[in-house]
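If you read the sequences in order, they're chains A and B. Residue numbering for the first sequence follows this note's numbering, starting at 1 and increasing by one per position. Residue numbering for the second sequence follows this note's numbering, starting at 1 and increasing by one per position.
Everything hinted at is true.
Think about it this way: if two alpha-carbon atoms lie no more than 27 Å apart in a straight line, the pair counts; the simulated DSS-like pairs of lysine-lysine are:
{"#": "1", "chain 1": "A", "residue 1": "Lys-162", "chain 2": "A", "residue 2": "Lys-285"}
{"#": "2", "chain 1": "A", "residue 1": "Lys-285", "chain 2": "A", "residue 2": "Lys-261"}
{"#": "3", "chain 1": "A", "residue 1": "Lys-516", "chain 2": "A", "residue 2": "Lys-558"}
{"#": "4", "chain 1": "A", "residue 1": "Lys-558", "chain 2": "A", "residue 2": "Lys-569"}
{"#": "5", "chain 1": "B", "residue 1": "Lys-193", "chain 2": "A", "residue 2": "Lys-418"}
{"#": "6", "chain 1": "A", "residue 1": "Lys-548", "chain 2": "A", "residue 2": "Lys-517"}
{"#": "7", "chain 1": "A", "residue 1": "Lys-511", "chain 2": "A", "residue 2": "Lys-418"}
{"#": "8", "chain 1": "A", "residue 1": "Lys-411", "chain 2": "B", "residue 2": "Lys-224"}
{"#": "9", "chain 1": "A", "residue 1": "Lys-511", "chain 2": "B", "residue 2": "Lys-199"}
{"#": "10", "chain 1": "A", "residue 1": "Lys-548", "chain 2": "A", "residue 2": "Lys-512"}
{"#": "11", "chain 1": "A", "residue 1": "Lys-428", "chain 2": "B", "residue 2": "Lys-224"}
{"#": "12", "chain 1": "A", "residue 1": "Lys-514", "chain 2": "A", "residue 2": "Lys-558"}
{"#": "13", "chain 1": "B", "residue 1": "Lys-82", "chain 2": "A", "residue 2": "Lys-411"}
{"#": "14", "chain 1": "A", "residue 1": "Lys-261", "chain 2": "A", "residue 2": "Lys-59"}
{"#": "15", "chain 1": "B", "residue 1": "Lys-193", "chain 2": "A", "residue 2": "Lys-285"}
{"#": "16", "chain 1": "B", "residue 1": "Lys-199", "chain 2": "B", "residue 2": "Lys-50"}
{"#": "17", "chain 1": "A", "residue 1": "Lys-512", "chain 2": "B", "residue 2": "Lys-199"}
{"#": "18", "chain 1": "B", "residue 1": "Lys-184", "chain 2": "A", "residue 2": "Lys-418"}
{"#": "19", "chain 1": "B", "residue 1": "Lys-159", "chain 2": "B", "residue 2": "Lys-101"}
{"#": "20", "chain 1": "A", "residue 1": "Lys-411", "chain 2": "B", "residue 2": "Lys-193"}
{"#": "21", "chain 1": "B", "residue 1": "Lys-50", "chain 2": "A", "residue 2": "Lys-285"}
{"#": "22", "chain 1": "A", "residue 1": "Lys-512", "chain 2": "A", "residue 2": "Lys-428"}
{"#": "23", "chain 1": "A", "residue 1": "Lys-411", "chain 2": "B", "residue 2": "Lys-199"}
{"#": "24", "chain 1": "B", "residue 1": "Lys-184", "chain 2": "A", "residue 2": "Lys-411"}
{"#": "25", "chain 1": "A", "residue 1": "Lys-517", "chain 2": "A", "residue 2": "Lys-558"}
{"#": "26", "chain 1": "B", "residue 1": "Lys-224", "chain 2": "A", "residue 2": "Lys-418"}
{"#": "27", "chain 1": "A", "residue 1": "Lys-285", "chain 2": "B", "residue 2": "Lys-184"}
{"#": "28", "chain 1": "A", "residue 1": "Lys-439", "chain 2": "A", "residue 2": "Lys-517"}
Please keep in mind that the hints were generated in silico from the structure rather than gathered at the bench. Bear in mind that the values here come from a model prediction, so they are computed numbers and not experimental data.
So you can see what is in the structure, the chains are spelled out below.
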Amino acid sequence: MLTIPERIIFILMFLGLGGLTTVLFYGIYRIIRAGNPAPVRENIILNIGQALIDVLLQKPMFRSRPLLSTFHAFIFFGFSFYFLVNITDVLEGFIPGFALIYGGQGILEPLPNWPINLFNLVADVLSVLTLTGMVAFLVRRFIMKDKRLKFNEGVLLYEPVKKGWVNYDSLIVGTFILIHVGSRFMGQALRLAEHGQPDPFMPFASLVSIPFTGLSESALTAGIHITWWLAIGLILIFTPYFARSKHIHLMVAPLNIGLGKQNPRGELDPAIPPGLPEDAEPGVKYLQDLSWPRLMDAYACIMCNRCNDVCPAHSQGLVLSPAAVEVNKRWFINDHFVDMAFRNQFPEAPLLQWNISPEAVWSCTTCYACVRVCPVGNEPMADIVDIRRRMIIEGEELDSGIQTALESLAKKGNWFNKGSRARARWTKGLDFKVKDVSKQEAEYLWFVGDTASFDARVIPNTQAVARIFHQAGVDFGILGRAERNSGNDVRRVGEEGLFEQLAEDNAAALKKAKFKKIVTTDPHSLNALRNEYGPFVQDQLEVLHYTKLLLALFEDGKLTVQKPLTQYKVTYHDPCYLGRYNGEFDAPRRLLEILGVEFHEMPRNCENSYCCGAGGGQIWLGTTPPGERPAENRIREALSVLQPSSNGVSEKQLLFIVTCPKDMIMYGDAVKTTGNEGVIEVRDIIQLVEEAIQPPVAAEAPAEAVAI
Amino acid sequence: MNIVVAIKHVPSTTDELELNEDGTNLDFDEIDFLLNEFDEHAIEQAVLLKEAAGGEVTVIGVDVIEELDGVLHTALAKGADKAAKIVGDIEPPVSSHTQAKWLADAIAEMNPDLVLTGVQAVDDLDGQIGPMLAAYLDLPYVGVVTGVSSQNGSVLAHKEFAGGVMAEYEVTLPAVLGIQAAEKPPRYAPISKIRQMAKSAEIEEFEVDEDFEYEGCELRKMAKPESAGHAEMIEGDPEEVAEKIIAILEERGLL
Numbered sequence: 001m002l003t004i005p006e007r008i009i010f011i012l013m014f015l016g017l018g019g020l021t022t023v024l025f026y027g028i029y030r031i032i033r034a035g036n037p038a039p040v041r042e043n044i045i046l047n048i049g050q051a052l053i054d055v056l057l058q059k060p061m062f063r064s065r066p067l068l069s070t071f072h073a074f075i076f077f078g079f080s081f082y083f084l085v086n087i088t089d090v091l092e093g094f095i096p097g098f099a100l101i102y103g104g105q106g107i108l109e110p111l112p113n114w115p116i117n118l119f120n121l122v123a124d125v126l127s128v129l130t131l132t133g134m135v136a137f138l139v140r141r142f143i144m145k146d147k148r149l150k151f152n153e154g155v156l157l158y159e160p161v162k163k164g165w166v167n168y169d170s171l172i173v174g175t176f177i178l179i180h181v182g183s184r185f186m187g188q189a190l191r192l193a194e195h196g197q198p199d200p201f202m203p204f205a206s207l208v209s210i211p212f213t214g215l216s217e218s219a220l221t222a223g224i225h226i227t228w229w230l231a232i233g234l235i236l237i238f239t240p241y242f243a244r245s246k247h248i249h250l251m252v253a254p255l256n257i258g259l260g261k262q263n264p265r266g267e268l269d270p271a272i273p274p275g276l277p278e279d280a281e282p283g284v285k286y287l288q289d290l291s292w293p294r295l296m297d298a299y300a301c302i303m304c305n306r307c308n309d310v311c312p313a314h315s316q317g318l319v320l321s322p323a324a325v326e327v328n329k330r331w332f333i334n335d336h337f338v339d340m341a342f343r344n345q346f347p348e349a350p351l352l353q354w355n356i357s358p359e360a361v362w363s364c365t366t367c368y369a370c371v372r373v374c375p376v377g378n379e380p381m382a383d384i385v386d387i388r389r390r391m392i393i394e395g396e397e398l399d400s401g402i403q404t405a406l407e408s409l410a411k412k413g414n415w416f417n418k419g420s421r422a423r424a425r426w427t428k429g430l431d432f433k434v435k436d437v438s439k440q441e442a443e444y445l446w447f448v449g450d451t452a453s454f455d456a457r458v459i460p461n462t463q464a465v466a467r468i469f470h471q472a473g474v475d476f477g478i479l480g481r482a483e484r485n486s487g488n489d490v491r492r493v494g495e496e497g498l499f500e501q502l503a504e505d506n507a508a509a510l511k512k513a514k515f516k517k518i519v520t521t522d523p524h525s526l527n528a529l530r531n532e533y534g535p536f537v538q539d540q541l542e543v544l545h546y547t548k549l550l551l552a553l554f555e556d557g558k559l560t561v562q563k564p565l566t567q568y569k570v571t572y573h574d575p576c577y578l579g580r581y582n583g584e585f586d587a588p589r590r591l592l593e594i595l596g597v598e599f600h601e602m603p604r605n606c607e608n609s610y611c612c613g614a615g616g617g618q619i620w621l622g623t624t625p626p627g628e629r630p631a632e633n634r635i636r637e638a639l640s641v642l643q644p645s646s647n648g649v650s651e652k653q654l655l656f657i658v659t660c661p662k663d664m665i666m667y668g669d670a671v672k673t674t675g676n677e678g679v680i681e682v683r684d685i686i687q688l689v690e691e692a693i694q695p696p697v698a699a700e701a702p703a704e705a706v707a708i
Numbered sequence: 001m002n003i004v005v006a007i008k009h010v011p012s013t014t015d016e017l018e019l020n021e022d023g024t025n026l027d028f029d030e031i032d033f034l035l036n037e038f039d040e041h042a043i044e045q046a047v048l049l050k051e052a053a054g055g056e057v058t059v060i061g062v063d064v065i066e067e068l069d070g071v072l073h074t075a076l077a078k079g080a081d082k083a084a085k086i087v088g089d090i091e092p093p094v095s096s097h098t099q100a101k102w103l104a105d106a107i108a109e110m111n112p113d114l115v116l117t118g119v120q121a122v123d124d125l126d127g128q129i130g131p132m133l134a135a136y137l138d139l140p141y142v143g144v145v146t147g148v149s150s151q152n153g154s155v156l157a158h159k160e161f162a163g164g165v166m167a168e169y170e171v172t173l174p175a176v177l178g179i180q181a182a183e184k185p186p187r188y189a190p191i192s193k194i195r196q197m198a199k200s201a202e203i204e205e206f207e208v209d210e211d212f213e214y215e216g217c218e219l220r221k222m223a224k225p226e227s228a229g230h231a232e233m234i235e236g237d238p239e240e241v242a243e244k245i246i247a248i249l250e251e252r253g254l255l
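Please build the complete structure, drawing on both the sequences and the hints.
Structure follows, in structure tokens:
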């Protein structure tokens, strides 16, 4: 089809632009490899294979925004198939007479028709779907101006990002896709017009061909040439732009997912990258301090801001945007590309000046929602924790509340500034003695945690847990004064040294204690003990959340419901560190079922649960940032599903059930500040258990049915 | 500038205080010690001065319960250059006067340009250490200082008076200053730096002057406060509460 000069131009373009693209991609590879080491990735081939399958099924996309994800799937399938289509286009250009229409022409004629017809049908339909998807995206961005594509006011943006380059890039990419796919589709339509008859396997192209059938042969030939160049020539021109554009996500994203975090979600990467000397500075200050997966994140990011949607800080209107972390990174790399890729020169510009503001760094609750929702496997939260680590070690000014908490934790081992002798004081309210596992052997070591030990609002629940364990005959004990804060949030604040000190102290106490398993009422402690104590203890600790133990007690008949709690209409909040981090969703829900309450799920549940706003040290903050706090937002969400129908028939008491001591505090406050006292009440699940296992008549002696 | 910070290890008052058997003082075996809060500010002010004007900061204290090392390591992690402690046959309580004498003996050997110390402490609320230190060293003293800046051969000390009156003293060196607050809140010392100091730092030791005996007042009895009455809770809606308050005030002739 192509003339000789056209062929020469194409080959020269292919060599020139292809060569340039290769050099640029090599540059990207060099930049990513210049990052610090990360924990070694194992089974790379298998993982990338799995990632490709997931991407092929578009699984990571459908974690949120189902409608937009559907449009994305159109473009994704269209574009993937176009790899094959474009090869046949080149063949059409270079092999005289070669064409796909009508089941294949030229050298294709001897071949069976059906595979080519099928190919044509798929290409035809996908072309239309891709164009539909792309138009939908452009309309959403430029006409409907979807707010989710914007950043909160005050979010630190790198200069080109501030100038709107994300939008310009989107426009360039969108236009490219429309012209590329549109031209290829038109080219086929024109070929059909040349023959003047429709191809039943190319329904859309046949339809479009009708108005062109009357055109002169020369006009059609010119049209076929022009559309060919607009489809195939354009790709060649576009390929070098990949290196600058977010569109490169289509190549990097599957790789990024395949090379993603392999240790548990609840285990942060080491503060000093593996392989660096022990006295290296922990954390990151400059771009080049980031580990290579964090640099790859910048290339995987398609700047969709899904992370912003689920971020409790961003939703509150604060200046933290996990998306901006990646977007800024990418444009910064673009601006210094040649220096970084080919001259080994990295700019001495601290991340805190252009990537993320200190205020934003200290707004992160480390809830992991941004990482979980990211369809391309990015971990902006990891950047934030690493930045905190370096800020702490360099003595940057800290929020007064966080500093006070850290100093208390350093001196006293808890953030309540109480002496360790006071830690087991809550047991004084019990009419039996709780074992001290450093002296007496017990099956379960109950790791109580700071909040449950010291906070007056939570202690009644702590005592209830003890009473129920005792009543059910659980052989348990506590570490008492030897227990320290587990260090989970200390580590997430970035105080690695203090985390190590606390973990070592706890490990020493655990070593002396005689027990089989750990049970804890605190999801934060559960996470640290289960996922981050590996370097400090000899054997992997078996750590159970109390809801799991309670469920087992019910299933074994050690606890029985005497009085189903049908008077309650409840919803349940998954704590980040129990649910999203450690995948435990079932036990609390099973318990609620056993207890006989009327249960309603909130829209954001399980993996997609919404943070209460306490984690990552936020509960220690000395200041209250403006805006609707995450816990307040959550209480309103709960009420939206629990509100009795307008006729008011159901007059059950509304409860917001929690299984984390910090939630008790956060939501207890939020109920008050949203003016919902008397409308809904926050209760720990243990309060329901205690109520349900009592015999119906309260005045009677303890139930004989309870096995001791 | 050669700056010495004299610090004090004091009983922690955040826990419940236990008394000893004869009720003459606290039960020091049952009580945690921590660095006097005002000394934290003195250390911060010294490090700020050093950062602004150069020099060296030495932190010294009496090792009352043989647990001062952690405090000194923390000071080093915050930016002090040297640490020293006064050791010997020491039993708590050690009076402020005695501590001042022991500290003065050691500090005199250091030829300081400036001595900073917390203006007071939980067990020294009348702020004795600073003035006595100055007296023993025969140096001028300015107390209740809330900021120090260095000039040629002297320092400018900001001092607070009652009623929000502020004064600025030009103090010729050497001198002793009692610090009420540093210009900035005391910085956080990362634990890994403290641990590093614990491994590498050397702490200079001075022996106590055992011949010195403080002849002042003696503590004869210490007791827990007894509650002498109860608060009356006024109940009702805001209007009712306000009316009741007015009635009470009128009843007592206060309105």
